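K.L.:
So the sequences go chain by chain: A and B.
Per the numbering used here, the very first residue in the first sequence carries number 1; after that it's consecutive.
Per the numbering used here, the very first residue in the second sequence carries number 1; after that it's consecutive.
For the record, the hints were derived by calculation from the structure and aren't laboratory data.
Some hints could be false.
[To be verified] Residues of chain A clear of chain B, computed beta-carbon distances all greater than 12 angstroms:
#, residue
1, E34
2, I62
3, R69
4, D95
5, V112
6, V126
7, I131
8, N175
9, I178
10, S179
[As the list claims (entries may be wrong)] Here are some of the chain A residues that sit facing chain B, going by a computed Cβ distance under 10 angstroms:
#, residue
11, P29
12, V37
13, S38
14, I40
15, W42
16, F47
17, V53
18, L54
19, S55
20, S63
21, N65
22, N106
[What the hints assert, rightly or not] Cross-link-like lysine to any residue pairs, in silico, SDA-like; alpha carbons within 25 angstroms at most:
#, chain 1, residue 1, chain 2, residue 2
23, B, K72, B, K136
24, A, K147, A, V182
25, A, K61, B, P84
26, B, K50, A, V53
27, B, K50, A, P60
28, B, K51, A, K147
If you're wondering where the values come from, they're calculated on a predicted model, not measured in any experiment.
Where a beta carbon is used, it is the ideal one built from N, C-alpha and C, also for glycine.
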Amino acid sequence: MFKKIYFQSIFFSFFFTREAFAAESGGMPQLNPEFWVSQIFWLLLTFGIMYLVLSKLILPKISNNLESRKSQILENIEAAEKQREDSDKKLKEYDEIISKSKLEANSIFNQVREKVLKDISSKREVLDKQIDNEISDAEKEIDTLRKNSAEKINKIAIETSSELLQKLIGAEVNNSSISAIVEDLSKRNGDKYYGN
Amino acid sequence: MAANPMSQFDVYRIGPEIKVGAFDISFTNASLFMILSTVSILLIFNLGSKKNSLLPNKIQLLAELSYTFVSKMISDTAGSKAKPYFAFIFSLFMFVLFCNMFGMIPYTFTVTSHIIVTFVLAAFIFIGVTVIGFIKHGFGYLKLFVPSGVPAVLLPLIVVIEIISYLSRPISLSVRLFANMMAGHTMMKVFGGFVISLGIVGGWLPLSFSVALTGLEILVAFLQAYVFAILTCIYLNDALNLHH
C-alpha cells in the first residue's frame with residue numbers, strides 16, 4: 001500500500017515537476033549568471049568584514065579568555081597543591097610537637113613523682129622521729145607521774161585523814177601511825193585502783 | 001511557482017539596481033542572507049567573548065566550544081604551523097555553517113546552494129593555499145606532484161594524475177557543498193510538494209519523509225561545513241608541511 005503510494009507519488013512528482021519546469025523555462029537558477037557578480041561582491045564584502053572583525057577583535061578575546069581561564073585553573077591547582085603540602089608539613093610538625101611534649105610531660109611527671117616520694121619519705125622519717133621522741137617523753141612523764149602519784153596520793157590521804165580525825169575527834173593524831181595505816185590500806189587496795 | 005522545487009534557489013533583487021561600471025552588484029536575497037549569517041555570527045561570538053567569567057555562561061560556552069572545536073580540527077589536520085590561518089578557517093567554517101543552517105529555516109534562501117558562492121570560496125582557498133605553498137617551499141612545492149616511492153615507469157602517469165587532482169580541488173570542494181545543499185533542499189521541496197499533491201489521504205508518508213529529511217539536512221548542513229573546513233585544513237597541510 002505504502003509502496004504503491006510512494007511510487008505513484010514519485011511518478012506524479014516527475015509529471016508535476018516537468019510541467020513546472022516547462023512553465024518556468026528555467027533549469028537551475030544557480031547557472032543563471034545574472035546575479036553572479038552581485039553574489040561575488042556581497043560574499044567578499046560580508047565575508048571580508050566578518051573575517052576582519054573575527055580575527056582582529058573577537059577571536060583574540062576568546063583565546064585570551066580561554067588562556068586566562070586555563071592559567072587561573074592551573075594557578076588554583078598549584079596553590080591548592082602548595083597549601084596541601086603546607087598543611088601536611090604542619091600536620092607533621094604538630095605530630096612531632098605532640099609526641100615530644102608527651103615525652104617531656106612523662107619525664108617531668110616521673111621526676112616530680114620521684115621528688116615527691118623522696119620528700120614524703122624524708123618528711124615521714126623526721127615526723128616519725130619526732131613522734132617517737134614525743135612518745136618516749138610522754139611515756140617518761142607518765143612513768144614519773146605514775147611513780148610520784150602513789151606517794152602523793154598517800155601523802156594526801158595521810159594529811160586528809162589526819163585533818164579528818166582532828167575535826168572528828170578533836171585530838172591530835174600521830175602522823176606516823178596514820179601513814180602506817182594508809183600505806184597498809186593503799187597496799188591492800190592498790191590492786192583495786194591500779195590493776196597491778 | 002511554488003511547485004517548482006528549483007524556485008527556492010532563485011536570486012532576486014531587493015531594492016534598487018546598483019551598478020558599478022558594467023557590473024550589477026544589486027542587493028539580493030542572497031546578499032540579505034549573507035549579511036544575516038555574518039551578523040548573527042558576529043553577534044553570537046561578540047556576546048560570547050564579552051565577559052570573561054571563570055564559569056562561562058551559555059553563550060560564552062558556545063563561543064569557546066566552537067573555538068576549541070575549530071582549533072583542535074586545525075591542529076589535528078594541519079599541525080601547529082597552521083595557527084596563523086586559524087581566523088580564516090574559523091570564519092570559513094562559521095560562515096558556511098550559518099549559511100547552511102539559515103537555509104534550513106522555511107522560506108529562507110540558502111547562500112551555499114549557489115555554485116558561484118562556493119566556487120569563489122573554494123577558488124580563494126585554492127589560490128591562497130597554492131601561494132602559501134610556493135612562498136614556503138619555492139619551486140620545491142612542485143614535489144607535491146611527485147609522490148615518493150613510485151616506480152619510475154609509472155611516474156609520468158602519476159604526476160599527471162596528481163596535477164589533475166590538484167587542479168580539480170576547487171571544483172570538487174565547491175561542487176560538493178553546492179550539490180549537497182541543492183540536492184537536499186530540492187528533495188525536501190519535492191517531498192513537500194508530494195504532501196500537497198497527495199492530499200490528506202496519501203500525504204502522510206511524504207510528510208514523515210519530510211520530517212526525517214529535515215533532520216538529515218541539518219546533519220548535512222553541519223557535516224558539509226565541517227568537510228569544507230577540514231578539506232581546507234588538509235590542503236593547507238599540504239602547503240605547509242610538504243611530505244608526500
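K.L.:
Each hint needs a verdict: does it hold in this structure or not?
P.N.:
Verification of the supplied hints:
Residue placement check: E34/A does not keep its beta carbon more than 12 angstroms from all beta carbons of chain B (closest about 7 angstroms). The Cβ of I62/A sits about 5 angstroms from the closest Cβ of chain B, inside the 12 angstroms cut-off, so the non-interface label is violated. Its beta-carbon lying about 6 angstroms from the closest one in chain B, R69/A breaks the requirement of being farther than 12 angstroms from that chain. Every Cβ of chain B is farther than 12 angstroms from the Cβ of D95/A; the closest lies at roughly 37 angstroms, confirming the non-interface assignment.
With a cut of 12 angstroms on Cβ distances, V112/A stays outside the contact zone with chain B, its closest approach being about 59 angstroms. The Cβ of V126/A lies farther than 12 angstroms from every Cβ of chain B, with a closest approach of about 79 angstroms, so its non-interface assignment holds. The beta carbon of I131/A sits about 85 angstroms from the closest Cβ of chain B, which is more than 12 angstroms, so the claim that it is off the interface holds. Look at N175/A: its CB is around 127 angstroms from the nearest CB on chain B, clear of 12 angstroms, so calling it non-interface holds up.
Non-interface call for I178/A relative to chain B: holds, since the shortest CB-CB distance, roughly 126 angstroms, exceeds 12 angstroms. Distance check for S179/A against chain B: the nearest CB is about 124 angstroms away, which clears 12 angstroms, and the non-interface claim stands. At a threshold of 10 angstroms, the smallest CB-CB gap from P29/A to chain B is about 4 angstroms, leaving the interface hint in force. Nearest Cβ of chain B to the Cβ of V37/A: about 4 angstroms, under the 10 angstroms cut. The hint holds.
Residue-level restraint check for S38/A holds (minimum Cβ-Cβ distance to chain B is 5 angstroms; threshold 10 angstroms). About 5 angstroms separates the beta-carbon of I40/A from the nearest beta-carbon of chain B, less than 10 angstroms, and the hint is met. Interface restraint check for W42/A: the shortest CB-CB distance to chain B comes to about 4 angstroms, inside 10 angstroms, so the restraint holds. Taking 10 angstroms as the C-beta cut-off, the interface hint given for F47/A holds, the closest approach to chain B being about 6 angstroms.
Look at V53/A: its Cβ gets to within about 6 angstroms of chain B, closer than 10 angstroms, so that hint holds up. Checking L54/A against chain B: minimum C-beta separation of about 5 angstroms stays under 10 angstroms; hint holds. A hinted interface residue such as S55/A counts as satisfied when its beta carbon comes closer than 10 angstroms to some beta carbon of chain B; here the least separation is about 3 angstroms, so the hint holds. With 10 angstroms as the threshold, the beta carbon of S63/A comes within range of chain B, its nearest partner Cβ sitting at about 7 angstroms, so the hint holds.
Hint status for N65/A: holds, given a least beta-carbon distance of 4 angstroms to chain B, under 10 angstroms. Given the 10 angstroms rule on beta carbons, the hint for N106/A is violated: about 52 angstroms separates it from the nearest Cβ of chain B. Between K72/B and K136/B, the direct Cα distance comes to roughly 23 angstroms. Compliance with the 25 angstroms bound is thereby established for this hinted pair. The suggested pairing of K147/A with V182/A holds, with an alpha-carbon distance near 17 angstroms, which does not exceed 25 angstroms.
A threshold of 25 angstroms between alpha carbons decides the hint, and for K61/A with P84/B the separation of about 16 angstroms falls inside it, so the pair holds. Of the supplied pair hints, the one linking K50/B and V53/A holds, its CA atoms being roughly 14 angstroms apart against a limit of 25 angstroms. For the suggested pair K50/B and P60/A, the alpha carbons sit about 11 angstroms apart, so the restraint of at most 25 angstroms is met. At roughly 118 angstroms between alpha-carbon atoms, K51/B and K147/A are farther apart than 25 angstroms, so this suggested pair is violated.
The earlier numbered hints that this structure contradicts are 1, 2, 3, 22, 28.
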